[in-house]
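**Student:** Sequence:
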Amino acid sequence: MTYKTEYIASTHHPDEFWLEQARNIAWFKPPQKGCQKTDNGYYDWFRDGQLNTSYLALDHHVKNGRGDNVALIYDSPLTQTIQRFTYNELLVAVSKFAGGLARLGVSKGDRVIIYMPMIPQAAIAMLACARLGAVHSVVFGGFAANELAVRIDDAKPVAIVTASCGIEGSKVLPYKPLVEEAIELAKHKPQACVVFQREELIATLDEEIDYDWHALVKTSEPVPPVTVDATDPLYILYTSGTTGKPKGVVRDNGGHAVALYYSMNAVYGISENDVFWAASDVGWVVGHSYIVYAPLIKGATTVLYEGKPVGTPDAGAFWRVIESHKVNVLFAAPTAFRAIRKADPDAAFLSKYDTSSLRTLFMAGERLDPPTYYWTNEKVGVPVIDHWWQTETGWPICSNPVGLEYMETKPGSSSLPTPGFNVKILKGFDTQQSPGEKGAIAIKLPLPPGCLSTIWQDHQRFVDGYLREFDGYYSTGDNGYVDEEGYVFIMGRTDDVINVAGHRLSTGEMEEVLAAHPDIAECSVIGINDALKGQLPVGLVLLKDGVSVDEKALEQDLVQRVRDRIGPVACFKRAVVVNRLPKTRSGKILRKLLRQIAANESITVPSTIDDPSSVREIESIMRDKGLVKEPSAV
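Each residue of the sequence shown is one higher than the one before, starting from 1 at the first, in full-length UniProt numbering.
For the record, the hints were derived by calculation from the structure and aren't laboratory data.
Every residue, glycine too, gets a C-beta built ideally from N, C-alpha and C.
It is possible that part of the hints are untrue.
[Stated by the list, open to error] Cβ-Cβ distance ranges computed for the label pairs, FRET-style:
1. Ala-343 <-> Lys-592: 28 to 38 Å
2. Gly-65 <-> Glu-200: 31 to 41 Å
3. Ile-609 <-> Arg-359: 52 to 62 Å
4. Thr-2 <-> Gly-41: 44 to 54 Å
5. Pro-411 <-> Arg-359: 45 to 55 Å
6. Lys-592 <-> His-188: 33 to 43 Å
7. Glu-208 <-> Lys-108: 19 to 29 Å
8. Asp-564 <-> Gly-65: 18 to 28 Å
9. Glu-20 <-> Gln-560: 49 to 59 Å
10. Asp-48 <-> Asn-88: 28 to 38 Å
Whenever a hint applies, use it, and build me the whole structure from the sequences.
**Tutor:** This is the structure:
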């Protein structure tokens, strides 16, 4: 089918279309119905179907004679390790670790938090939870103890799976002390903690709660996959919210498997004989969907890379991995290629490697700016495709569907709506915009399979955050427009979540950290344009009356506090003392106006402002401090 016929079928007759796609995966009980309305007014998919995601990713391929095919390649320049797992070997590892978790009391419906570096055991733990019907929640390894504690209290896990350490460049980061502090801070106390000991650092274990991974697996028997309903949760993945409290996005089993299998065909053009590399982390949605689940459900080979695009050891790292493992499709964030371009503008390292196996290069996580697009396209010499999706959707909303037909690429656009996503540009209550006119990007309900089913333990937050703005639509929180040919252009967020190197981070959460400082009366955190990372957070802080401080020392203190509470992923490095912040008469800080100043845009001063002179004052300070940036292409 062509893209057009496929898209029309998926949006005009979604039940028939997705039931047909559902036949491509191995159900224990195939569904007879597609989309159905739920008791809480939302929708679910394949309610009467039963399956197991671990079975789809492993057992199914082994039973069909592909057990000796390579399933997973672990490549770590940090430890000088390359390890390959066949489907047979991965099935044994997952089945035995699932048996170990079962011995610790983990069963269907229980939650398990996985706090791991980029090692094969992270994927094994995820698949083991899926095998048991347990719900995993992967937390990015190295996240601050406070952030981990918040997730422990929300998910209430029976067990935590971690490693003795992570490796960041030349530094070894101990994980066990962070886990111990998080458990101490949390009200909920997990009953077990499994620790994978790495050679770089051996953690001290507590006999009361800790279990050594190797010892647990050695004494455990493999277990078969547990049957779950299509609508049972597979995982919870926390993403930042504007309130500062993380949102636990819930993904189901059935719709997720169908959507990911479909996407491997339609979006990425992947066959069982291909090697697929998503250069991300299992802590993010890309890692869930396209390092672990989609390639394995498809039966392809997936690459799990513990390293960076530059510095491990140089700007040729990506090209070396492509050559070493004959990668056919690479998926990475534009940030990675901006870093490579900065370190190696002439792509001299690229000529040292044979990258002829590479067919396509996909980018997502943030907008692909045209300069990065043109540089990568010229140097790498393969189609470079920008595509757009969210943690909430779990797979691309917009893409160039190379598996159906290769469409024209337009720099600055994330291409066309993916089959299943009925994308509209709305304004006001539900007024649809004409081509070229900007508005809020929304998706007509029902969402296709694979998207979030709710927010963990807080369905009302899901309704308020995504469904209330436009009746009958899912609000993406992004602004943009669609051109005459249907290409979607994403212009930016409509809320105060900023995008730092592809990671969505809450400015409200950072403000909470700054406001806790004893010398600070008030603050605002905004994102400013950055050529490498897309956006970087900057704090504007007001001191309490009568307080006199060394501003440089205060900045260093605040940077450290954000690092301790949120983690280095926030990239918080600037805090500027100001005399006042522009506010409305009701006392609300005009954050949009601050963002306009920082982006060097024309300023729209609202009529509700308390003191118009505060605008020029804050603009003068921001310019003096170098915080006003020319709009970047990101």
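**Student:** Now look at each hint and say whether the structure bears it out.
**Tutor:** Going down the list of hints, with the structure as the test:
no. : hint                            : verdict
1   : Ala-343 <-> Lys-592: 28 to 38 Å : holds (35 Å)
2   : Gly-65 <-> Glu-200: 31 to 41 Å  : holds (38 Å)
3   : Ile-609 <-> Arg-359: 52 to 62 Å : holds (54 Å)
4   : Thr-2 <-> Gly-41: 44 to 54 Å    : violated (35 Å)
5   : Pro-411 <-> Arg-359: 45 to 55 Å : violated (20 Å)
6   : Lys-592 <-> His-188: 33 to 43 Å : holds (37 Å)
7   : Glu-208 <-> Lys-108: 19 to 29 Å : holds (26 Å)
8   : Asp-564 <-> Gly-65: 18 to 28 Å  : violated (52 Å)
9   : Glu-20 <-> Gln-560: 49 to 59 Å  : holds (55 Å)
10  : Asp-48 <-> Asn-88: 28 to 38 Å   : holds (32 Å)
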